[in-house]
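Peer 1: Sequence:
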Amino acid sequence: MVAKVFVGIPSYNRGIVLRYTIKYFFNSRVVHGFIVIAQGTNNREYEEYAKLINEIIDAGFEVFYVLTNRKLGSVGARNKVLELVGNNLNKNDVLVMYDDDSVYPGDHSLVPALLWLRHPLIGLVGGRVINLQKRRIDPDFYLNLPYIADALTRLTGFIVLDVKHGPREAEYTPHLFAIEAKKIIGTGIRYDENYGGTGYREESDFQRQVRELGYKIIFEPRFYTYHLAVESGGDRGSGLEDRMYWKWRNHTYFMNKWRYPIHKRILSYTILMGYALLNGSSGIQGIIKATRVRE
Numbered sequence: 001m002v003a004k005v006f007v008g009i010p011s012y013n014r015g016i017v018l019r020y021t022i023k024y025f026f027n028s029r030v031v032h033g034f035i036v037i038a039q040g041t042n043n044r045e046y047e048e049y050a051k052l053i054n055e056i057i058d059a060g061f062e063v064f065y066v067l068t069n070r071k072l073g074s075v076g077a078r079n080k081v082l083e084l085v086g087n088n089l090n091k092n093d094v095l096v097m098y099d100d101d102s103v104y105p106g107d108h109s110l111v112p113a114l115l116w117l118r119h120p121l122i123g124l125v126g127g128r129v130i131n132l133q134k135r136r137i138d139p140d141f142y143l144n145l146p147y148i149a150d151a152l153t154r155l156t157g158f159i160v161l162d163v164k165h166g167p168r169e170a171e172y173t174p175h176l177f178a179i180e181a182k183k184i185i186g187t188g189i190r191y192d193e194n195y196g197g198t199g200y201r202e203e204s205d206f207q208r209q210v211r212e213l214g215y216k217i218i219f220e221p222r223f224y225t226y227h228l229a230v231e232s233g234g235d236r237g238s239g240l241e242d243r244m245y246w247k248w249r250n251h252t253y254f255m256n257k258w259r260y261p262i263h264k265r266i267l268s269y270t271i272l273m274g275y276a277l278l279n280g281s282s283g284i285q286g287i288i289k290a291t292r293v294r295e
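Going left to right, the sequence shown walks through residues 1 to 295 as the working numbering numbers them.
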């Protein structure tokens with residue numbers, strides 16, 4: 001049976017934005033279908049999603065979807081994607097995780113990832129996310145120096161990304177990635193829903209689980225997407241204080257879950273605290289709020 005490629009996209013109150021994202025796949029000769037988790041919590045958004053799903057089907061793609069008027073959350077929606085993978089995909093099919101505000105550059109950007117996945121030791125292939133505008137609240141830390149980023153990740157316990165150089169084996173990659181269904185089905189890999197709120201570290205945790213099964217993670221810069229970095233709608237549209245709270249809270253959970261030693265905890269907390277200081281009083285208030293909850 002020929003393997004198929006499905007694009008998984010969770011979306012929350014961004015029906016118009018998702019339409020813009022989806023249409024760039026319509027000329028693809030590589031993508032066979034979509035797994036869409038559409039959360040429209042008002043009538044306009046719900047109807048926009050329902051219309052879009054019908055348009056995808058009319059365009060000849062296979063679609064597996066959840067259309068709901070409830071907010072599932074950033075992590076819960078991603079687990080719904082994995083649930084539909086388990087229920088509907090064959091083991092050799094490929095899931096490509098995408099954001100609902102990203103632009104597909106064309107099949108040339110996806111083929112390198114699919115070629116990597118043919119190797120039995122490769123569990124996940126991450127790609128390059130090119131932000132088309134600076135985000136008001138930066139969610140990641142990039143240090144695009146060869147060999148330095150992954151070394152710092154191992155040294156400090158903090159996730160420092162190099163999204164420029166490769167192909168290479170990497171500790172972690174951005175949220176754009178491709179993975180075979182058989183690495184998910186029956187393996188127990190899922191997003192940990194203890195990472196709450198706006199998310200943060202849930203992707204790191206997912207990738208850590210892939211590595212724990214003995215697979216390698218590859219960063220492939222020829223596999224890329226353009227990120228619109230839309231600040232309205234979506235699960236991540238919140239104020240700086242709230243985001244800093246979830247950064248600190250979820251990072252603490254990540255460190256505890258994977259039993260990081262004390263020196264890495266101190267180094268990584270220092271990085272987060274420095275980031276909060278750079279963002280002024282709102283950043284500090286968010287970390288103070290998270291610290292009080294932990295106490």
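In case anyone wonders, no lab produced these hints; they're calculated from the structure. All residues carry an ideal CB built from backbone N, CA and C; glycine is no exception. Please note that a few of the clues may not be correct.
Stated by the list, open to error - Taking CB as the label site, the calculated pair distances span:
{"no.": "1", "residue 1": "Ser282", "residue 2": "Gly188", "range": "49 to 55 angstroms"}
{"no.": "2", "residue 1": "Arg154", "residue 2": "Pro105", "range": "41 to 47 angstroms"}
{"no.": "3", "residue 1": "Lys164", "residue 2": "Ser28", "range": "41 to 47 angstroms"}
{"no.": "4", "residue 1": "Tyr147", "residue 2": "Gly280", "range": "30 to 36 angstroms"}
{"no.": "5", "residue 1": "Thr291", "residue 2": "Asn88", "range": "40 to 46 angstroms"}
{"no.": "6", "residue 1": "His165", "residue 2": "Asn88", "range": "17 to 23 angstroms"}
{"no.": "7", "residue 1": "Thr291", "residue 2": "Leu155", "range": "20 to 26 angstroms"}
{"no.": "8", "residue 1": "Leu155", "residue 2": "Glu62", "range": "41 to 47 angstroms"}
{"no.": "9", "residue 1": "Asn87", "residue 2": "Val111", "range": "39 to 45 angstroms"}
{"no.": "10", "residue 1": "Thr291", "residue 2": "Val63", "range": "30 to 36 angstroms"}
{"no.": "11", "residue 1": "Leu155", "residue 2": "Lys257", "range": "43 to 49 angstroms"}
{"no.": "12", "residue 1": "Leu121", "residue 2": "Gly188", "range": "15 to 21 angstroms"}
{"no.": "13", "residue 1": "Gln285", "residue 2": "Val30", "range": "28 to 34 angstroms"}
Stated by the list, open to error - Computed list of lysine to aspartate or glutamate pairs in DMTMM-like fashion (alpha-carbon distance at most 25 angstroms, straight line):
{"no.": "14", "residue 1": "Lys257", "residue 2": "Glu169"}
{"no.": "15", "residue 1": "Lys51", "residue 2": "Glu62"}
{"no.": "16", "residue 1": "Lys289", "residue 2": "Asp242"}
{"no.": "17", "residue 1": "Lys164", "residue 2": "Asp150"}
{"no.": "18", "residue 1": "Lys4", "residue 2": "Asp150"}
{"no.": "19", "residue 1": "Lys183", "residue 2": "Glu55"}
{"no.": "20", "residue 1": "Lys257", "residue 2": "Glu212"}
{"no.": "21", "residue 1": "Lys91", "residue 2": "Asp242"}
{"no.": "22", "residue 1": "Lys164", "residue 2": "Asp242"}
{"no.": "23", "residue 1": "Lys264", "residue 2": "Glu171"}
{"no.": "24", "residue 1": "Lys182", "residue 2": "Glu171"}
{"no.": "25", "residue 1": "Lys91", "residue 2": "Asp107"}
{"no.": "26", "residue 1": "Lys183", "residue 2": "Glu193"}
Peer 1: Next, verify each hint and record whether it holds.
Peer 2: Here is what the structure says about each hint:
1. Under the hint 49 to 55 angstroms, the C-beta atoms of Ser282 and Gly188, about 38 angstroms apart, miss the expected range.
2. For Arg154 and Pro105, the hinted distance range of 41 to 47 angstroms is not satisfied, since their beta carbons lie about 31 angstroms from each other.
3. Between Lys164 and Ser28, the C-beta spacing of about 26 angstroms breaks the proposed range 41 to 47 angstroms.
4. Under the hint 30 to 36 angstroms, the C-beta atoms of Tyr147 and Gly280, about 33 angstroms apart, fit the expected range.
5. For the hinted restraint 40 to 46 angstroms between Thr291 and Asn88, the CB-CB distance of approximately 43 angstroms keeps it satisfied.
6. Between His165 and Asn88, the C-beta spacing of about 36 angstroms breaks the proposed range 17 to 23 angstroms.
7. Remark: the range hint 20 to 26 angstroms for Thr291 to Leu155 is upheld by a beta-carbon distance near 24 angstroms.
8. Checking the proposed 41 to 47 angstroms range against Leu155 and Glu62 shows it holds: the Cβ atoms sit about 44 angstroms from each other.
9. For the pair Asn87 and Val111, the supplied restraint of 39 to 45 angstroms is violated, since their beta-carbon distance comes to about 27 angstroms.
10. Take Thr291 and Val63: their Cβ atoms lie about 44 angstroms apart, and the range 30 to 36 angstroms is violated.
11. At about 20 angstroms, the beta-carbon gap between Leu155 and Lys257 misses the expected band of 43 to 49 angstroms.
12. Hint check: Leu121 to Gly188, Cβ distance near 19 angstroms, so the stated range 15 to 21 angstroms holds.
13. Under the hint 28 to 34 angstroms, the C-beta atoms of Gln285 and Val30, about 46 angstroms apart, miss the expected range.
14. Our distance criterion of 25 angstroms between C-alpha atoms is met by Lys257 and Glu169, whose separation comes to about 24 angstroms.
15. Distance hint between Lys51 and Glu62 is fulfilled; the C-alpha atoms sit about 15 angstroms from each other, no more than 25 angstroms.
16. Distance restraint check for Lys289 and Asp242: the Cα-Cα separation of roughly 9 angstroms lies within the 25 angstroms cut-off, and the hinted pair is therefore satisfied.
17. Straight-line distance between C-alpha atoms of Lys164 and Asp150 comes to about 12 angstroms, which keeps the hinted pair within the 25 angstroms bound.
18. Taking the CA atoms of Lys4 and Asp150, the gap is about 32 angstroms. The hint is violated against a cut of 25 angstroms.
19. At most 25 angstroms may separate the alpha-carbon atoms for a hinted pair to count; Lys183 and Glu55 exceed this at roughly 30 angstroms.
20. Our distance criterion of 25 angstroms between C-alpha atoms is met by Lys257 and Glu212, whose separation comes to about 13 angstroms.
21. With a CA separation close to 39 angstroms, the supplied pair Lys91 and Asp242 exceeds the 25 angstroms bound.
22. Straight-line distance between C-alpha atoms of Lys164 and Asp242 comes to about 30 angstroms, which puts the hinted pair past the 25 angstroms bound.
23. Of the supplied pair hints, the one linking Lys264 and Glu171 holds, its CA atoms being roughly 15 angstroms apart against a limit of 25 angstroms.
24. Of the pairs offered as hints, the one joining Lys182 and Glu171 holds, with about 21 angstroms between alpha carbons and a cut-off of 25 angstroms not exceeded.
25. For the given pair, Lys91 sits about 22 angstroms from Asp107 by alpha-carbon distance, which is consistent with the 25 angstroms threshold.
26. For the hint linking Lys183 to Glu193, the alpha-carbon distance of about 19 angstroms falls within 25 angstroms, and the restraint holds.
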